[in-house]
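Protein sequences appear in the order of chains Y and W. Sequential numbering of the first sequence, starting at 1, is according to the working numbering. Sequential numbering of the second sequence, starting at 1, is according to the working numbering.
No false leads were mixed into what you were given.
Straight-line distance between alpha carbons at most 25 Å, and here's what the computed BS3-like set of lysine-lysine pairs gives:
| # | chain 1 | residue 1 | chain 2 | residue 2 |
| --- | --- | --- | --- | --- |
| 1 | Y | K334 | W | K85 |
| 2 | Y | K234 | Y | K268 |
| 3 | Y | K117 | Y | K229 |
| 4 | W | K115 | Y | K334 |
Think of the hints as simulated: they come from the structure by calculation, not from any bench.
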Amino acid sequence: MVENLRLSLESLRANKMRSFLTMLGIIIGISSVIAVISVGNAMTASVNNQFAEFGINNVSLGVQMRANESGGFDMTVTKTPKDTDRISNEQIETMRQRFPEIETLALSEDAGRGKAKIGRKYSNVSLTGVNTGYAKANKVKMALGRYISDADVRSARSVVVVSDRTAAALYGSNESALGQNISVYTDKAIKQFAIIGIYKYTQSSAMGVAASDRDLETSGYIPVSSAKKDSPYKNFTSLTVIPKQGTELNDFTNRISAYLNKLYERNKEWEAYAYNMKSELESTNSMMKTLSMAIAAIAGIALIVGGIGVMNIMLVSVTERTHEIGVRKALGAKDAHIRMQFVAEAVALSATGGVIGIVLGVGLGMIGARIVGAPFELSAYVVSGTVLFSMFIGVFFGYYPANKAARLNPIDALRYE
Amino acid sequence: MIQMRNVFKRYFADTPNEITVLNGIDLSIGSGEFVAIVGQSGSGKSTLMNIIGALDQPTSGEYELGGTPIQQMNRDDLAEIRNRKIGFVFQSFNLIPRNSALKNVELPMVYAGTKASERSRRAKRLLEMMEMDERMNHFPSELSGGQKQRVAIARALANDPDILLADEPTGALDSKTGNLVMEIFLRIHREERKTILFITHSSELAELCPRVVTIKDGQIVSDKAGTNSGGRLHG
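This is chain W alone, in the form it adopts within the complex (with noise of 0.2 Å):
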């Protein structure tokens, strides 16, 4: 699904301040797996996942997503993988603040050009999903963090998307809430069978996902398999 061969990302290149986020990436992710990425801040990771999540080009290196290669890509086409082959969770669930949770849902669909009808009953299906529906029509300032983080994932699933792309989906909420999230997180990993990629600094999330990558200033330090993957979150 994911293959990154030599990634580099430099900002200011070729000047005195030149700084290097990336230094050489090469990581292969296959269909339905569920990696967390691991690192301290500034350690690179969030870069990683732009460029994974085609937000953000690399500087040089391979990246092909799906077998298609990113580079080539124009920005409509970019737009267009971002839209339907990627679901983004943020840490600051970014919802549209003037929309309700159902438009927010079903916003990414709107740009897939879905018919109106169609939308609205996907998005509701998905809030469904995430025990939500009976707050649809609130809007983001009406809903607790935990309730805004699950309209931002039933709306990175709206256009059934090969990979959800989760940046620190639980930094935000306090811990308890937290756990639910990555429940929800591991349920649509069983369940729907999609690729997640889980960004965390905590180590104690991580350890519950089958694979754990590590980054440490801009490379791969480790690589291998959750201590924990497949039991249970006690708290």
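Extracted from the complex, chain Y is given alone in its bound form (with noise of 0.2 Å):
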């Protein structure tokens, strides 16, 4: 066996550019099939970042404009549903009562945009009316101070809870900004609001990248019955729950949609929706999967043309060393050492291409994986999937002439010059 892998080595180097010329083929082969599999990998973990960015068991509910008998929607007019076209705090607190399940739920509500002015300091801050829930389903880490509470929300207080950023910006730092008492310029008005949190903020990739560090626009979380003051609509068109741990996310859904659909049954121009990102997460990594499955089907095309390259050259070397294999049978050289020998030395070309293959395979995965923007993450099972398959190809593509130098006659070969 190790007389084999010398020989075998031995012979590779004798014929070094022929050598490398088969093994390319391989290790093309192989170098595709890692790199589609790894940057399809390397998506599928960007796009499950994503979504658990919005919060994997969240259920969005809401209101919209019901389709038409087509199926279709009118995209001529856009309406804004009436506060009796949308949900009210009533609804709520039964659809609440109801689904003992939900364990968090959330409202929002859009109180503008504007500037938090000191002085001849400023910040953009984008005002949200929340309530306690937000802060979860929203994953909100707080670094100083608290967040709205159901009591701010009672009592409608004109408190905020502005970003790291903001109270940088304003104050110099998250201590001394708790506590002070800030005016935000929006279009309409000049809203007055005490800090009493500061929660930190995390750049999401939904939001895209402000177009400076100076301009940044970070929420100011206020409590939703205070955004509800200046707002003309007191019922909401959106909300966020999320069940209990354990629930079924899809039955809870339908269920929850159905209940909804129920109070709007009789409205002939909005309806309810509620839908998770669950099962459009998994629809997304089965397309994902079945796309680079298919790429990775199309690369292992080239894997075999690679192995018909390895089996042509074995073919060329058997006849080459006809009058070798014959002084080798000469010394009692059995069928199965000469037959071990030639498979011996199509698995080391093979499974050399292999290596320098997923050596190659990493390296473009990981320029795939940075175009795409994902981290890169080398599976072992792929890479050890591929040196299997490669030294296979070797055994499968190397048996044919290795059989035939084996079954040489060893005086027909002792002759052949």
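Using the hints, put the two standalone chains together into the complex.
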């Protein structure tokens, strides 16, 4: 065995150019399979991360225009639902009681954008009216102070939770910002708030990148009831719920959708919707998996072409070394010895190609992952699989030439010049 | 050691192009004999040696090697016979070009399944015996004709075979080197008591052997003692 390995490596060295060209087929095949699979995995990971940011267990509820008889929407008019078409506080409360599996319920209301100013210092703020549940549904992390409480909402207090970016821009630090009163200048009014908390700003990839760090606009969270004071609508067009752990998400989504749509049975223009990200994530994942499998299969064809190259060169090698095979047989080599020697040579050829292919494929995968902007992950499963597969190619495509060599008649082979 | 009765070798048998290379050979060679087989090219002497060496099979007739009939053996059994019982020395040396002298001598032992340490120990000793130990790591392309043939003889002795088959071993060498190689065979015969079959078309070398068998047109035409056996080589 060791002897065969030594022999085959020697033979590869003796025909460097030829071995390299033969390996090239295997190298291209293996590297493209690895690159495709790892870029595919990176893309899937990246999509999963984006979904996770939204909250994979969140169920979004809301009001949307009813589809017409043909199943489409009238695109020529944009309509805003009237207050009576919206979901009221009472309906939300009843729903919460009907569905005990609701753990968190998040409400939000846009309260306009503006600049928080102190002297010449400013910070762009987008005011959002929220309830306590919003922090959990949107994964808001506190740095200092506290978040909007139920009491803040009940009393519609003029309090705000700002980002650490805003705190730094206006006061220099979180500590000096806490407890201060700030004025926010929106296009309609100047609003006064007391800062009760500072949250950690994390850049969401879904939000894109702000024009410059200085002008970065971050959310300022105020009680939803305070936001409603300036709004013409008392009711909501959308909300988010998180069911308790262990709830079957799709079933829950269907039941809550059916419940809400009962309320809209007689509404000709509007209907309720409920959806979760999980099913979308699953279908996206399965689509990406199918896609990368399909591309990997095409790359696999390159591997087979490479294997045929190995077979071709092994047949040439057997013919070239017919006399040597005759000498070996005269010295007592059995058919199995000769067969092993040539199979080992084919395996050495394709496995060396396989290893180079892996290195190249990992390199390509890293570049590819950087292009799609996802972390590169090397799966040991893929690497060991491709190494084994390339060795299998060596055995499969090397066996026929090796057997041809082994079956040679000793005297005919010895006479061959 | 070797018993042949009525051995024929025909090519294209039962066609108009039929060629009879061996035409009823009866030959008996005892253990420890040194026999020269002489004949012109085309006489059938190489075919006879290939059959004796289990490289080829007779078309008809009986051949026993060390009491074992060869005709019924399968490919692997024949390989085993070649490996253990017979040592070949060829006119064109037939060393494996990509292997060093040492690896060439080890090769028959590789096929015999000898352990690596034992292999290299024995190969070194054989090369020492051939006075080739200083060049054991040289490749065949770095050796002269006489040196190559000495490596080939060491290789033929690797598995301590009963019979040495030498097919024109001096044919590719100048006469001085050829005589040196002949001396080696005589020495092996004297010291190791091996059965040696020596094919040559040089009657001068043949006469040094104790027994000379002459072949013509596939038949043995004479079988007698060498006139100069036991004598010294001159030149």
